[in-house]
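Visitor: Going line by line, the protein sequences match chains A and B. Number 399 marks the last residue of the first sequence (the UniProt record's numbering); no jumps. Number 71 marks the last residue of the second sequence (the UniProt record's numbering); no jumps.
Honestly, the hints are just simulated from the structure, not real lab data. Just so it is clear, CB atoms sit at the ideal spot from N, CA and C, and this is done for glycine as well. Careful, some of the hints might be misleading.
[Said to hold, decoys possible] Non-contacting residues of chain B with respect to chain A, defined by C-beta distances greater than 10 angstroms in every case (computed):
| no. | residue |
| --- | --- |
| 1 | Met1 |
| 2 | Asp6 |
| 3 | Ile11 |
| 4 | Leu18 |
| 5 | Asp27 |
| 6 | Gly38 |
| 7 | Pro42 |
| 8 | His45 |
| 9 | Leu54 |
| 10 | Thr61 |
[Said to hold, decoys possible] Interface residues of chain A toward chain B, partial, derived using beta-carbon atoms under 8 angstroms:
| no. | residue |
| --- | --- |
| 11 | Arg103 |
| 12 | Arg113 |
| 13 | Gly344 |
| 14 | Phe366 |
| 15 | Pro370 |
[Unchecked claim] For lysine to any residue, the following SDA-like pairs were computed, each having C-alpha atoms within a straight-line distance of at most 25 angstroms:
| no. | chain 1 | residue 1 | chain 2 | residue 2 |
| --- | --- | --- | --- | --- |
| 16 | B | Lys2 | B | Arg49 |
| 17 | B | Lys2 | A | Gly337 |
| 18 | B | Lys2 | B | Pro41 |
| 19 | B | Lys2 | B | Ala47 |
| 20 | A | Lys135 | A | Gly337 |
| 21 | A | Lys135 | A | Ser388 |
| 22 | B | Lys2 | A | Ala59 |
| 23 | A | Lys135 | A | Leu372 |
| 24 | B | Lys2 | A | Thr336 |
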Amino acid sequence: MAESHPEAITFPSGRPGPFDPPASLGALREECPVTPMVYPDGRTGWLVTGYAAVRSVLADPRFSARRELLSVPVPSPLAQEMRRPAEPGMFIRMDPPDHTRYRRLLTAQFTVRRMRQLEPRVREITAECLAAMEKAGPPQDLVREFALPIPSLVICELLGVPYADREEFQRATAVLVNLEATADDLHAAIARVGVFFTELIARKRAEPADDLLGGLVESGELTDEELANIGFLLLAAGHETTANMLGLGTFALLQNPEQLAALRADPALADNAVEELLRYLSIIHIGPVRAALADVELEGRLIRAGDVVTVSVPAANRDPARFTDPERLDVTRDATGHVTFGHGVHQCLGQQLARVEMRIALPMLFDRFPGLRLAVPAAEVPMRDTMSIYGVRALPISW
Amino acid sequence: MKVTVDASVCIGAGMCALTAPAVFDQDEDDGTVVLLDGTPPPGLHAAVRQAGRLCPSGAITVLDTGDPGDR
Ligand code: SF4
């Protein structure tokens, strides 16, 4: 409402339960979907929580994704360095036409058709993980045995990362998304991954390979630095997000047995269930962040050129103006239109891959272990409260 | 119903090909939208409208032409 002028807030935290976003986000969305917010660096800007407003910010070219214009909504050791232009190839922090050039080089690799072609391989990888889990016997940590290795192996396969190097990658990327990591840890992890990609690209230049990086090398359009940064970006994006959807998604289904039963009774519900889990869990709990390039009026508020705007994916995905009974997990609903993959030109490049992995891996898990259950009380499942991608740190399970 | 697409703004997210595969496909070489049927039959109209709403980049335009299936 335009007449209410609440004090500037800080970014809300503190979740009421493992699957629910901070309660204050919902209250903000009802009262003031575009709220003044103070950023940790002292700048003032905005927090946008309503579904319609979130979509309009993300689709509007007057809101820039250029890194040097942004501020981080939560305290971060990299906050200072973030205010530098993105490195060549880091296209998620660029605007068109720079963004367009990189994105175009990659889109053919991630089409619906290409992702479907990967299905048999995803099934094989999943079956191997499940077999290893069964062999090891209960209890196990589902994150370590299932949720992390599957997307990790798939993205490494897609990029052409040799098997021997994969474990090191998982460690380095885990540091990169940990908001509690020190600046030193972060620099070390970034450097490690950087060196690795430099070597990998040199190898692909020497012997052409039939994988995504090999193809990009061959296109002759990109420098080694650009290639390394793109590889880095895809690897990080492909690891953490899907892994957390698999881990947190399993937890959510176990805690909602009637939903799990509905999914098991009707395998054709899998696509729907995946979409609904993406909506309900909204694991991107900070951002995306944009900066206004011009004065923009949004829901009666004047956002001035230069202001930083953080949009809340969890708040938008639980907006009752868009989704009926949004606080309820309902695998039979039509949840398409959620903004978990974003909206506008930056909408997630890997979304069709994420869908394929979830649609295959979750039903295979519950088929193989019909008696799957938590091995600890739900309240003891350690949550990723301090990570920019929300989820479970571990999910102790038995069967 | 008349459908047009603008591949120059398409970002290849694939929502169209996923939602209305009989009407939209993606180019093999660059992943951008390919329109298979600019005047889809009434049975596909709901899916086509949904694809238009889901497209993140505004590449899809759906025009009602007043034919029976449009409503
Ligand atoms: S949904 Fe829009 S952006 Fe995505 S492939 Fe289709 S036309 Fe392109």
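Visitor: For which of the previously enumerated hints does the structure constitute a violation, in increasing order of number?
Guide: 3, 4, 5, 9, 14, 15, 20 and 21
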